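Let the sequences and hints guide you as you build the complete structure.
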Amino acid sequence: MAAVCNFPLFSIVLCLISGTGSAVLKKEAARIVNIVLITVCGLMSVAVMLYCAKYGSFTYMMGHFPAPWGNEVRGGVLEGFMGAFFCLIMLLSMLGGHKKLFDEVEISKHNLYYVLVNLLLSSLIALVYTNDLFTAYVFVEINTISACGLIMIRQTGRTLEAAVRYMIMSLLGSGLLLIGICILYDITGHLLMSNIRESVEALIATGEYREPLVVSVALMCVGLAIKSALFPFHAWLPDAYGYSTVSSAAILSSLVSKGYIFLLIKIFYRVIGFETVCGTKIMNVLFVFGLIAMVSGSVGAIRENDIRRMIAYSSIAQIGYIYMGFGMGTELGMVASIFHILSHAATKSLLFIAAIGLTDVSHGSRAFLDLTGSAHRNRIAGAGFLVGALSMVGIPLFSGFISKLQFMDAAGSLSYSKMLPSLVVLGISTILNAIYFMKTVLRIYTPAEKIPVNRAMADAPTVTAPSAFHVATGERKGINGLIVEKDRILFKEEAGYGIVILCFILLNMALGLMSTPILQAIRDGLSMFS
Amino acid sequence: MSFRSFMENGRSDSYDRLSMKPLYEDHIKKEPTGFEIEIDRSKAHYEVFDRGNNFFIRLSGIAYQVAAVLFCVALVAVMLLTVSNLPPTGDPDNPANSNVVPERYIEKGIEETGAVNIVAGMILDYRAFDTLGESHVLFIASITVLILLRRDKNREKYAKEDEKHEPSGDPILQVISKVLVPVIMIFGIYVILNGHLSPGGGFSGGAIIGAALILYLNAFGFEKTEKFFTEKLYKRVTLAALAFYALAKCYSFFCGANHLDSHIPQGTPGNILSSGLILPLDIAVGCVVACTMYAFYAHFRKGGF
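If you read the sequences in order, they're chains A and B.
Using my numbering, the letters of the first sequence map in sequence onto residues 8 to 537.
Using my numbering, the letters of the second sequence map in sequence onto residues 2 to 306.
Derived from the structure by calculation, the hints contain no laboratory data.
Worth double-checking, as some hints may not be accurate.
To be verified - Once the Cα atoms are required to be at most 27 Å apart in a straight line, the calculated DSSO-like pairs of lysine-lysine come out as:
| hint | chain 1 | residue 1 | chain 2 | residue 2 |
| --- | --- | --- | --- | --- |
| 1 | B | K165 | A | K34 |
| 2 | B | K233 | B | K165 |
| 3 | B | K165 | A | K33 |
As the list claims (entries may be wrong) - For the chain B half of the interface with chain A, some residues (derived, Cβ under 10 Å), not all of them:
| hint | residue |
| --- | --- |
| 4 | L82 |
| 5 | S99 |
| 6 | V101 |
| 7 | V102 |
| 8 | D131 |
| 9 | T145 |
| 10 | K154 |
| 11 | M186 |
| 12 | F188 |
| 13 | I190 |
| 14 | Y191 |
| 15 | I215 |
| 16 | A244 |
| 17 | G268 |
| 18 | T269 |
| 19 | P270 |
Predicted model, so just to flag it, every value in this text is computed and none were measured.
In this text, a Cβ means the ideal position worked out from N, Cα and C, and glycines have one as well.
Here is the structure:
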């Protein structure tokens, strides 16, 4: 066996050990460990992807006992690609939000933040690579609890409330997922994905246990839909993304929900079988809720007066796109959805990180009125926000255009009853996207005479209790883009922030301009799934 | 006003006055002063959620409740229908009972894992990866509680305040726990060490030891407990146990997957020193569980050790 096959195991164990180890490290050491860890895991996933592209997928036995008795992980092109992509986004989010951690999280709890992030990474990698449904559930638990910790580590009233809501909804989702897995185990007698698939095919052929099978698939779908905030279950999302510290918001929106969606894709393809799932009516339900989410998320975003919450509402709409792609029930729709997972992950984390740069130069206020001209005060953040907004609306050159194109393409091959609504809602949703994103872009590029202050909307911690760091950054709030730099550390932070935004922009354009090989990789990965 | 300060103010007020009056009545009685806006803000909550007078809030509340009940009834009906269609419990011909997986666990379990307790062999050898994840679930849960409840700002001040609320040693509890705690501890250690021979193991034994620690803390207070169980010890034990678990299992997985001999002696099934890695792993899991239980309790009671 090639050495590459060990990499999934190594990256999971490395994450677990460095996660527990960070609890006793100093915060700087924990940060370095975290960055090195993410990089190493990303490189390992790239190696897995390249290996699989050349030699095909592999399974890896976890222990001395072969698959149905022991645990198993599985590597393929799509798994390696997703793992690498998740690591890249996480690295950029952590680097981009590092500055804000000092303002928003107690210094003595910084190392605990890295514990959460490392364990979250372990769970994401395990979700991507696992070939066993129960292992997936165990790591879903780690994912849920660490995501909850990421929300409430910034301890204000709003985040605590958001964390409680998130906890309740997310545990409900976990519970439904677990019930679904239990029912499936009861009627098939297996937990390994490929074995369940064989048994399910046999069950379909004989027509036995039809209701339990449908109910179990439905429960797993609903459970994961709750956890990834599909439309009727999205109420926890705006607060959770809007008030948590910025790295958390970026990670939650672009990785945590995507990890669950990826698990759902694995369940469709590797556990139940895509044709079988499409044969049930569940896909139609996902389709309808996806369509409603696309409109209602955008309407929510238009009504919002807080830039972070607006971006959070936009996430609801984008999750709707992904589920609409599932609901189409065709290979094309699936490919479009997976591409949209990538595109949304890259864009949404960029928007969150850029928005924080804009609010920082507006006295920490997130109200639209106060953001007037903020793009001139922090040019790189403004450029980042502009690119993110254009990509979300679907302008060519950027990744959002390709995913919308793919959705249109997929919709074209559907029956009329699905094609018409999906095309119409795609159009409406694009217009709504354009309304709220362009409104924001125009607002931040409108020159302002002086920085307007609206204390009521300002972030409570930054205004009432400025930390030592914040006082030091007082210098940097120059007017008309003149950023005064005195402290070298500050300069380093600012440069790091700029580089992160630049990386995000490049990533976005790379997804938009070089979509052909990526789409090909997704298709190859999907064909390896079955 | 942050949630935490809200909780604290609320608590100290009600403790001081020991009355059942709702707190917001204070604001209603007050004459309008210069801080009027502040007062209005704190009252706003009760006006917005005023169920008694606002018709729409009442209506939506009723609609919500009706919808919730209907939804639950529908869900219960669906689940009952599903359960009635599932294979009957205990039938040897069930899919879950008649396939190759449980067969090998039961027939070859002792031979392959060396553990007389088949469950221990399953969770710590056949499916050890799941258990590795599960013990990290416990760890991350305790870390999250730590983030939520540990007080780092003004720690001394709060510690002094909390001392007032600490119960004084109760003689009956102390005498009984002097007798009981060692017995419970020894029982817990027994359960952990015999995890591979009899029912029990790391999770259950750890929970028993944790219960003993909590009982001791309740009887004798933090001062005495901290003589042997501090935050430092807690961290060291948990980390060492989890790191050992992860590394040992990584080694074993690596050997297994690459078809190498792991050189871990299997021993004679039935002996206390047998079944390869299961005994040390049980001890590691037991340490993690005991420490986590105690840490949960200590954090909920005092916000730290």
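Tell me if the straight-line CA distance from K165(B) to K34(A) falls inside 27 Å. violated, 34 Å
Does K154(B) pass the interface hint, meaning its C-beta sits closer than 10 Å to a C-beta of chain A? holds, 7 Å
Agreement of hint V101(B) with chain A interface, Cβ distance less than 10 Å: At 6 Å from the nearest chain A Cβ, V101(B) passes the 10 Å test, so the hint holds.
Was the hint right that T145(B) lines chain A, CB cutoff 10 Å? holds, 4 Å
Interface hint status, P270(B) versus chain A (Cβ within 10 Å): Result: violated, 16 Å to nearest chain A Cβ.
The hint names I190(B) as touching chain A; please verify it with the least Cβ-Cβ distance against 10 Å. violated, 24 Å
Go through the hint on S99(B) and say holds or violated, using the shortest Cβ distance to chain A against 10 Å. The hint holds - S99(B) has a Cβ within 10 Å of chain A, the shortest such distance being about 7 Å.
Between the alpha carbons of K165(B) and K33(A), is the straight-line distance 27 Å or under? violated, 33 Å
At a threshold of 10 Å, is the proposed contact between F188(B) and chain A supported by beta-carbon distances? violated, 28 Å
Given I215(B) as an interface hint, is the shortest Cβ-Cβ distance to chain A below 10 Å? Cβ of I215(B) sits 22 Å from chain A, so the hint is violated.
Verify the proposed pairing of K233(B) with K165(B), using a straight-line Cα cut of 27 Å. Holds, at roughly 25 Å.
Measuring from the C-beta of G268(B) to each C-beta in chain A, is the shortest one below 10 Å? Nearest chain A Cβ about 16 Å off; hint violated.
Comparing the model with each numbered hint stated earlier shows that hints 1, 3, 11, 12, 13, 14, 15, 17, 18 and 19 do not hold.
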